[in-house]
Amino acid sequence: MTFRKYLVLAGVTVFAAAGDSMLSHGMKQAGSISIHHLQGVIVAILNPWVAVGIVLLLAFFASYMNALSWADLTYVLPATSLGYVLLALVAKFALHEQVSPMRWMGIALISGGVSFVAGGPALTSHPHPETQENEEAVVSSAAAGGAKR
Amino acid sequence: MRSVYTWGGILVVVFFSVVGDVVLARAMKQVGDVHDLWQRYGLWTVIGRTLGNSNFFIGVAAMALAFFSLLFALSWGDVSLVAPAAASLTFIGNAVAAKLFLHEKVDRRRWIAAALVAGGVALLAG
Numbered sequence: 004m005t006f007r008k009y010l011v012l013a014g015v016t017v018f019a020a021a022g023d024s025m026l027s028h029g030m031k032q033a034g035s036i037s038i039h040h041l042q043g044v045i046v047a048i049l050n051p052w053v054a055v056g057i058v059l060l061l062a063f064f065a066s067y068m069n070a071l072s073w074a075d076l077t078y079v080l081p082a083t084s085l086g087y088v089l090l091a092l093v094a095k096f097a098l099h100e101q102v103s104p105m106r107w108m109g110i111a112l113i114s115g116g117v118s119f120v121a122g123g124p125a126l127t128s129h130p131h132p133e134t135q136e137n138e139e140a141v142v143s144s145a146a147a148g149g150a151k152r
Numbered sequence: 255m256r257s258v259y260t261w262g263g264i265l266v267v268v269f270f271s272v273v274g275d276v277v278l279a280r281a282m283k284q285v286g287d288v289h290d291l292w293q294r295y296g297l298w299t300v301i302g303r304t305l306g307n308s309n310f311f312i313g314v315a316a317m318a319l320a321f322f323s324l325l326f327a328l329s330w331g332d333v334s335l336v337a338p339a340a341a342s343l344t345f346i347g348n349a350v351a352a353k354l355f356l357h358e359k360v361d362r363r364r365w366i367a368a369a370l371v372a373g374g375v376a377l378l379a380g
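So the sequence lines, in the order shown, correspond to chains H and R. 152 is the number that this note's numbering gives the last residue of the first sequence; the numbers go up by one with no jumps. 380 is the number that this note's numbering gives the last residue of the second sequence; the numbers go up by one with no jumps.
Errors might be hidden in some of the hints.
Facing chain H, according to a computed beta carbon distance under 10 Å, are these residues of chain R, among others [claimed, not checked]:
{"no.": "1", "residue": "Leu265"}
{"no.": "2", "residue": "Val273"}
{"no.": "3", "residue": "Asp275"}
{"no.": "4", "residue": "Ala281"}
{"no.": "5", "residue": "Ala341"}
{"no.": "6", "residue": "Ala351"}
{"no.": "7", "residue": "Lys353"}
{"no.": "8", "residue": "Leu356"}
{"no.": "9", "residue": "Ala368"}
{"no.": "10", "residue": "Ala369"}
{"no.": "11", "residue": "Leu370"}
{"no.": "12", "residue": "Gly374"}
{"no.": "13", "residue": "Val375"}
{"no.": "14", "residue": "Ala376"}
{"no.": "15", "residue": "Ala379"}
Since the hints were made in silico from the structure, they are not lab data. The model shown is predicted, which means the values in this text are computed figures rather than measured ones. Even glycine gets a Cβ: it sits at the ideal position worked out from N, Cα and C.
Required output: the full structure, derived from the provided sequences and hints.
Here's what the structure looks like:
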C-alpha cells in the first residue's frame, strides 16, 4: 500500500459522505419529486447544492473504481463505511447536532470493523491473467504441474 | 402485509447492490491496476479500457436498478428501517458474494469486520 493508494481510499470516503450530504441538503430545498411532476427533477438539478453533490458523487465513483482495480471488494467496502462515521462527526462538531449514545456505539462498531480489515492484505483474489508478469506465472505453474505429472 | 412488501423491496435493493458491486469489482480487476496503466499508457487508456469492458456496464446497470428499487422500497416502508437494513445487509451479502464469485479470501478477520460494520450502520441510522 502506497501513500497514493491511501489517498484514493480517503477520496472514496470523503467524496461519498460530502456528495450524499450536499444532495440531501439540496433536495430538501428543491422539494419532493413525484412521478406526476417529473419536471421537478430539472428544478432539483439546477439547485447548486444538488449539482455540486452530483459532481462529488461522480468523483466518488471514479475513486471507487480506482480502488477496486487494485484491492478486494471486501477491503474497499469497509473504507466506504467510514463515511458514515465522518458524517456523524461533522454533525456533532460542525453542525452541533445531538449525537445519541446509540449512534456513538454504531461509530465505534464501524471503526472497529475498518481497523480489523485495514490490518490485513488489500488484495487476496487471484491476479488477473492479462498482465505480463501473471502470464509468466501461469505458464511457469502450468510447466510445474506438467513436470509433476 | 405492508411489511412483506417493505422487506421484499429491501431484499431486491440488496440483491441489485451486491450484483452491482461484485460485477464492478470484477470489471476493474479485468481492466487492471489503474495506477500502473495510467503511468505506462496515460489516462485515455484507462478510460478506454474501462468503457470497453462489458462488465462495467452490467455493474452500472445493476447499481441503477438498486437505486430505483430503493426509491420504491422507501415509498413502502420507513426510511429509518429501509435505508439501514438495505445498507447493512448489503455488507453481509457482499462478503458472501466476494468469496463465492470473486474468490477473495474472506478470512475470519474480514467476516468479523463485515458483521461489525453491518451492525454499526444499523445502529447509526436506527
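Discussion item. Hint validation: Leu370(R) versus chain H, beta carbon distance must be below 10 Å. Holds or violated?
Written reply: holds (3 Å)
Worksheet item: If you take the shortest Cβ to Cβ gap from Asp275(R) to chain H, is it below 10 Å?
Response: With a minimum Cβ separation of about 6 Å from chain H (threshold 10 Å), the hint on Asp275(R) holds.
Worksheet entry | Cut-off 10 Å, beta-carbon criterion: hint that Val375(R) touches chain H | Constraint on Val375(R) satisfied, holds at 6 Å.
Practice prompt. Against chain H, run the beta carbon of Leu356(R) and see if the smallest gap drops under 10 Å.
Written response: holds (5 Å)
Worksheet item: Would the hint on Ala281(R) stand, with a C-beta cut-off of 10 Å toward chain H?
Response: holds (8 Å)
Item to complete: Under 10 Å, Cβ to Cβ, is where Ala368(R) needs to be relative to chain H, so tell me if that hint holds or is violated.
Response: holds (7 Å)
Worksheet item: With 10 Å as the cut and Cβ atoms as the points, is Gly374(R) at the interface with chain H?
Response: Holds, about 3 Å.
Discussion item. Restraint: Ala379(R) near chain H, CB-CB cut 10 Å. Satisfied or not?
Written reply: Result: holds, 8 Å to nearest chain H Cβ.
Worksheet entry | Hinted contact Leu265(R) with chain H - closest CB pair below 10 Å | Constraint on Leu265(R) not satisfied, violated at 19 Å.
Discussion item. Tell me if the interface restraint on Ala369(R) is satisfied: Cβ within less than 10 Å of some Cβ in chain H.
Written reply: holds (8 Å)
Discussion item. Let's test the interface hint: is any C-beta of chain H closer than 10 Å to that of Ala351(R)?
Written reply: Holds, because the Cβ-Cβ distance from Ala351(R) to chain H comes to roughly 8 Å (cut-off 10 Å).
Fill in: Status of the hint placing Val273(R) at chain H (closest C-beta pair under 10 Å)
violated (12 Å)
Hints 1 and 2, counting from the list given before, are not met by this structure.
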